[in-house]
Each structure stands twice: as C-alpha cells, then as structure tokens.
Amino acid sequence: MYSKQGTSERQTVMTAQKPKFGTFIRERRTGKGYSLRRFAELVGISPTYLSHVEQDKVVTPPTADRIQKMADLLGESPDELFAMAGRVPEDLPKIIQSQPEAMPALLRAVKGLTPEQLKKLQDQASKMRREGDPS
Amino acid sequence: MSGRGAISDVPFLPEVRIERDADALIAEYAQRCGAPVIAPVPVEDILELHLGLTFAIEDLAALFGTDGVLGAIWFNEKLVRIDTRLDPSENPLRLGRYRFTLAHEIGHWRLHRTYYREDPSQAVLFDGRGQPAVVCRAGEKKIPVEWQADTFSSYLLMPKSLVVAAWTEWRGNLDPVILSDLPTVTVADGRDPADATLDRFSKPLAERFEVSAEAMRIRLEKLGLLLRERPNTLF
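Chains as they are written, first to last, in the working numbering: chain A, 1 to 135; chain B, 1 to 235.
Hints should not be assumed to be uniformly reliable.
Said to hold, decoys possible - Cross-link-like lysine-lysine pairs, in silico, DSBU-like; alpha carbons within 30 Å at most: (1) B:Lys-78 to A:Lys-32; (2) A:Lys-127 to A:Lys-94; (3) B:Lys-78 to A:Lys-57; (4) A:Lys-94 to A:Lys-119.
For the record, the hints were derived by calculation from the structure and aren't laboratory data.
Assemble the whole structure, with the sequences as input and the hints as a guide.
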C-alpha cells in the first residue's frame with residue numbers, strides 16, 4: 001500500500017456541488033492508499049457492501065458508528081460524512097432530549113440562517129462556554 | 001471468454017514478453033512505493049492505487065444474466081468488476097481465485113486496452129471462466145486474449161524472483177522436487193492423482209503468495225522446480 005497526496009482530487013471534489021457520499025469515500029480512500037478490502041476490514045464491513053456504498057447503490061447508508069470509523073481513518077469531518085450519507089450523528093438525539101424544549105426551539109430559531117450566521121452563533125456559544133456564563 | 005464485446009483477434013505475444021511486462025509493472029509499483037514488492041503481491045493496490053482503475057465487487061450473474069462470469073473490465077470507464085461470489089470476506093477459500101481474477105483483469109488492461117480504444121462497442125471484456133483450471137494447461141484450448149491475461153496473472157502474482165527466493169528459503173536449495181518422491185494423495189472426485197499430489201506439496205508456497213495451490217503448482221512446474229518425472233541423466 002502506498003499513500004498518494006490527494007490535494008488536486010480533494011479540490012475537485014470540494015468544488016463539485018454536494019458530492020455523493022460513495023464517490024467521496026472512494027476518492028478519499030484511494031487518496032489515503034487503502035485498498036477496498038483493507039478499508040472494509042478496518043471499518044468492519046464486507047468489501048462487497050463497501051463497493052456498493054462507493055457506487056451509491058445502497059438503500060440504507062452505513063450505520064453512524066461505521067461512518068464515524070470511516071471519518072477517523074480518512075481524517076475527515078464526521079459531521080460532513082453524516083450529512084452526505086443522510087445520517088444523523090449518534091450524539092444529536094441525546095443532546096436534543098437533554099433539553100427537550102429549548103433545543104428544538106433553538107434549532108427552529110436558527111433554521112434558514114446562512115452558514116456564516118450560524119458560524120457566528122457557534123463562536124458566540126463557544127465564547128459563552130469558555131467564560132462559564134451560560135446566561 | 002464470452003459475451004458481447006468479446007474479442008479474439010489480438011496479436012500473438014510471446015510468453016517472455018508477457019513475463020517482462022508483468023515484471024515491469026511490479027518494478028513500477030515498487031519504485032512508486034519506494035520499497036521492494038514482497039509476497040503476496042498487492043494486486044488490489046496495483047489495480048486501484050497505482051493504475052488508477054476503479055474497482056467494484058458486484059453480482060455479475062445478475063448484471064449479465066449469466067453464470068460463470070468472474071470478472072469484467074470496461075476500458076473506457078477504467079472500471080474492473082469482480083463477482084461477489086469471489087469476495088474473500090464471504091468466501092475465504094476463494095481468495096486465490098479472487099486475486100487471480102484481479103491480476104487477470106490487470107493483464108487485460110496492460111496487454112489489450114489499446115485494441116479497444118478505437119471501438120467503444122468493444123469496450124467491455126468478459127472473463128467468463130468457470131470451474132476449469134485457473135491457469136491455462138498444456139493442451140487446453142483457450143482463445144489468445146484470455147490465455148494472455150491468464151499468463152500475465154500468473155507472472156504478476158508469482159514473479160520468478162520472488163518464487164525462487166521463497167522456494168530457496170523453504171527448501172534450503174534450488175533442487176527440483178520429483179512427483180515420485182512425494183506421498184501420493186488419494187482423490188475421490190476424479191481428479192488426476194498426480195495433480196492432487198503436486199497441489200498438496202505446493203500449498204505452503206501458495207498460501208504465502210495467496211494463490212490457489214493449483215496456480216502455484218503450475219508455476220513451479222514451469223520454473224522446473226516441480227517435476228513429474230525424474231530427469232534422465234548420463235550417469
């Protein structure tokens with residue numbers, strides 16, 4: 001196995017609109033130098049299933065823990081992969097259920113904001129967390 | 001070979017030229033990795049990471065509506081498909097056949113793709129081998145395009161230098177082994193007892209190279225390391 005630097009490939013994928021999950025995984029996998037069989041083994045799925053995933057032929061995407069594993073191996077953002085695969089990250093339901101009224105209200109309130117606006121809110125939340133002042 | 005797009009009129013290639021091409025591919029890959037290739041030869045990495053072919057595992061019987069297709073290559077799409085029945089995670093005993101089929105498709109890519117470029121209607125090439133020998137045996141009639149890919153596969157998976165080195169490490173010398181010196185294997189399925197005996201002997205090396213015992217036996221016979229008869233000597 002050898003690893004080739006996939007900078008140009010990455011740029012190609014990132015500039016394309018909404019890359020398909022399977023295509024994205026295949027490009028990243030080969031860019032990292034994993035064979036289909038080796039990657040499937042590390043993720044804990046069969047090569048045949050991974051092959052179907054990479055061809056975007058599966059009805060049900062891989063489970064959240066397997067997508068997390070793929071993200072770890074490929075050095076990619078798990079949230080990005082979850083979004084592409086149409087999966088909700090495993091921790092989200094718990095977060096919402098921890099504050100069943102406030103969290104859904106917050107999500108509804110921010111719905112429709114631009115990515116930049118969301119980033120500002122996220123930064124603000126981080127600042128509040130750092131300062132230990134949730135009020 | 002069978003199916004649409006099948007072609008049989010590739011020019012004759014001497015075996016030595018096929019071996020040279022397989023060795024050259026291994027050398028290219030080693031140079032790119034910056035490390036020598038060791039057994040088992042990483043054919044999956046060579047196919048996907050070095051040659052840049054797309055690799056998929058699928059139900060080819062369903063895809064083509066016929067049984068017995070183990071692999072196929074689409075030259076224009078740079079795509080190789082292998083039948084799901086060869087998936088080693090589901091069928092560990094077919095690992096050798098899986099790797100041989102991959103190397104066979106690499107053989108088509110290296111040796112035959114130029115003949116298809118100009119004719120997109122012939123851009124798919126089936127590998128329709130069924131149960132018979134993995135590698136062409138003497139006397140077995142096989143069309144040239146498939147024979148060449150099989151031969152390439154054998155050389156790619158079992159290059160002379162690696163097999164000779166492994167044999168020497170295993171046996172301690174380069175002396176050939178003769179069939180009559182081996183304990184005979186009893187076979188009940190109509191197989192040739194000589195083949196079965198030599199296959200069993202070849203098994204340790206076959207496992208090391210991740211090929212079938214049969215493929216390794218044929219390679220060892222070709223290298224003159226396995227003999228069916230004691231050679232005549234003057235003394």
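Hints the structure fails to honour:
Violated: none.
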